[in-house]
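K.L.:
Please put together the full structure from these sequences, using the hints given.
Number of protein chains: 2
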Amino acid sequence: MGLPMARRLAGAFPVAVFDIAAERRALAVEHGATEAATPADAARDADVVVLAVRDQAQVDGALFGESGAAQTLKAGAVVVLTSTVGPEAARSTAAALAERGKDVRLVDAPVSGGPTRAGNGDLLIVVGAEPAALEVARPVLDRLASTLTVIGDKPGDGQALKAINQLLAGVHIAAAAEAVALARGLGLDPQTVIDSLSQGAAGSFMFADRGPRMAQAYGDEADAVEVRSRLDIFVKDMGIVTGIAKNAHVPVPLASAAEQLYLLGERAGLAARDDSSIVTVLSPRGEDR
Amino acid sequence: MGLPMARRLAGAFPVAVFDIAAERRALAVEHGATEAATPADAARDADVVVLAVRDQAQVDGALFGESGAAQTLKAGAVVVLTSTVGPEAARSTAAALAERGKDVRLVDAPVSGGPTRAGNGDLLIVVGAEPAALEVARPVLDRLASTLTVIGDKPGDGQALKAINQLLAGVHIAAAAEAVALARGLGLDPQTVIDSLSQGAAGSFMFADRGPRMAQAYGDEADAVEVRSRLDIFVKDMGIVTGIAKNAHVPVPLASAAEQLYLLGERAGLAARDDSSIVTVLSPRGEDR
Chain A
1 MGLPMARRLA GAFPVAVFDI AAERRALAVE HGATEAATPA DAARDADVVV LAVRDQAQVD
61 GALFGESGAA QTLKAGAVVV LTSTVGPEAA RSTAAALAER GKDVRLVDAP VSGGPTRAGN
121 GDLLIVVGAE PAALEVARPV LDRLASTLTV IGDKPGDGQA LKAINQLLAG VHIAAAAEAV
181 ALARGLGLDP QTVIDSLSQG AAGSFMFADR GPRMAQAYGD EADAVEVRSR LDIFVKDMGI
241 VTGIAKNAHV PVPLASAAEQ LYLLGERAGL AARDDSSIVT VLSPRGEDR
Chain B
1 MGLPMARRLA GAFPVAVFDI AAERRALAVE HGATEAATPA DAARDADVVV LAVRDQAQVD
61 GALFGESGAA QTLKAGAVVV LTSTVGPEAA RSTAAALAER GKDVRLVDAP VSGGPTRAGN
121 GDLLIVVGAE PAALEVARPV LDRLASTLTV IGDKPGDGQA LKAINQLLAG VHIAAAAEAV
181 ALARGLGLDP QTVIDSLSQG AAGSFMFADR GPRMAQAYGD EADAVEVRSR LDIFVKDMGI
241 VTGIAKNAHV PVPLASAAEQ LYLLGERAGL AARDDSSIVT VLSPRGEDR
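Chains as they are written, first to last, in full-length UniProt numbering: chain A, 1 to 289; chain B, 1 to 289.
Worth flagging that the hints you see were computed from the coordinates, not collected in a lab. Mixed in with the good hints there might be a few duds.
One copy or two, it doesn't matter: identical chains are merged, so the pair holds either way.
In silico SDA-like links for lysine to any residue, alpha-carbon gap of 25 Å or less [unchecked claim]:
#1 Lys246 / Arg285
#2 Lys236 / Ala201
#3 Lys236 / Asn247
#4 Lys236 / Val150
#5 Lys154 / Gly200
#6 Lys246 / Gln260
#7 Lys246 / Ser256
#8 Lys236 / Gln199
#9 Lys236 / Gly187
#10 Lys154 / Asp195
#11 Lys74 / Pro139
Computed from a predicted model, the values in this text were never measured in an experiment.
P.N.:
Structure below.
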């Protein structure tokens, strides 16, 4: 997600980029960004630092590690956290930035939509941030988002809403997989089932979007299923969901079942495959049905 | 569902009605139907017998019980089974009709949409039936359905597709309940969460439809939540789903978790409440959040 976001931002602002992969830095430079040698180098003089990383460990490394951005962040700067790391990680990151005493604030702004929409400024971004910090970040967020929802006024609120988004998305993908697997098991054509049901009371965005790729997994084009969103993203995100639900003492039996299913998918070797491939855990390819 | 369907049909065809409740027979008569004293009486001379009952036991009673319709059904008549009873029940009913030797065939045609849409001829009907039997029933089905999907050519196929519909619908309602309960647990306003997420990748028909009633369960209007679809319908339907999935050896961990949740709701006294009330099992009313 970082590269298309950097590309999109470089069309409107001066952008210095750091990525651990040199070839991705080079691709950003081709689109008008300046290359930085370290996160600290990238953050120097910046009003807004945008973080797009995988998990909390990478957040900590990019901000507080050797050559981390926190070393050079100037007073009044804001850090925009676009990753899904959970409310607790957002709050502790905000606290760690505040402890440095340089008036650097965190804008908790996890994004949804995938790389293509990131490159087009068409992301859904849900924000928890102090109004003054949000004001600094807003031009950057507006450049990236087609829909910006400010759900609360403190870091962690954006992550909380994003977690609920992922609960629904992850459960709906798993439900679509059960529907397609059961269709096969009952001798019905999966694509016909999807066409019949996806616009009615059984419909979801995920059933309409992932369903056809699940059906494709059993056809001649099975090996051509494009990886639009990796399965192991849901191993991470459903882990966040069930963790925060447990901390809040809210039972989430379906999210828990979905988490186990994604873990099974990861164990079955599907971590880097499209998340729609989870259907093959329930109904393996090559079986008669 | 039987009454609005009878009312809708009486606007186009001569209809004889039987219901175990005399006041419902009377309501149908007010809308132009003729009252019958027994199922056998209602089926006499009929080309098409429409069955709208709760479960397989009621199907057996209405067709094969004392004064059941099978006693009077004429050769060439078709029985349209609009209830959700599962593929096996549809197949055994078709076989039991065939054994009578009078050339009476079953049109397996479970419906979705609820009473209001039934009265307006706006149902989704999914059909499994021999083409010749379907031909006899088609004017009746066309009068009731805005969407008619013929998924297969034998009784049981309609039930199979309806079961997949109910798998998705039941899981999506339970997922919406988890989302609303988690929103409360995290201190977010449920209705704001629904408004933020229901049109994006987390969206489902059920989240948009049941979500607001779930949020309403915690407000001043909690006791005014209208019963549009009873919770115990999903106890029955998720039971059908997990039963046929087990018979087909297809794992459905989310549908199983949803089934348990609806059973918990029934045990909590919610059987006759709106199915959206399932959220109160996860996050009881009156708690701080």
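K.L.:
Could you run down the list of hints and mark each one as holding or not?
P.N.:
Hints and how they fare:
Taking the shortest Cα distances, Lys246 and Arg285 sit within 25 Å of each other only across copies (19 Å), while inside one copy they are farther apart (35 Å). Proximity of Lys236 and Ala201 under a CA criterion of 25 Å is satisfied inter-copy only: 18 Å between copies versus 29 Å inside one chain copy. With identical chains, the CA atoms of Lys236 and Asn247 are at most 25 Å apart within one copy only, with a shortest distance of 17 Å there and 33 Å across copies. For a Cα distance limit of 25 Å, the shortest separation of Lys236 from Val150 inside one copy, 24 Å, qualifies, whereas the shortest one across copies, 41 Å, does not.
For a Cα distance limit of 25 Å, the shortest separation of Lys154 from Gly200 across copies, 23 Å, qualifies, whereas the shortest one inside one copy, 38 Å, does not. Proximity of Lys246 and Gln260 under a CA criterion of 25 Å is satisfied in both settings, with 15 Å inside one chain copy and 19 Å between copies. In this homomeric assembly, Lys246 and Ser256 come within 25 Å of each other (Cα to Cα) both inside a single copy, at 10 Å, and across copies, at 20 Å. With identical chains, the CA atoms of Lys236 and Gln199 are at most 25 Å apart between copies only, with a shortest distance of 24 Å across copies and 30 Å within one.
Only between protomers do Lys236 and Gly187 lie at most 25 Å apart by alpha-carbon distance; the minimum there is 23 Å, versus 34 Å within a single protomer. Proximity of Lys154 and Asp195 under a CA criterion of 25 Å is satisfied inter-copy only: 20 Å between copies versus 43 Å inside one chain copy. In this assembly of identical chains, the alpha carbons of Lys74 and Pro139 lie at most 25 Å apart only when taken from the same copy (19 Å versus 75 Å across copies).
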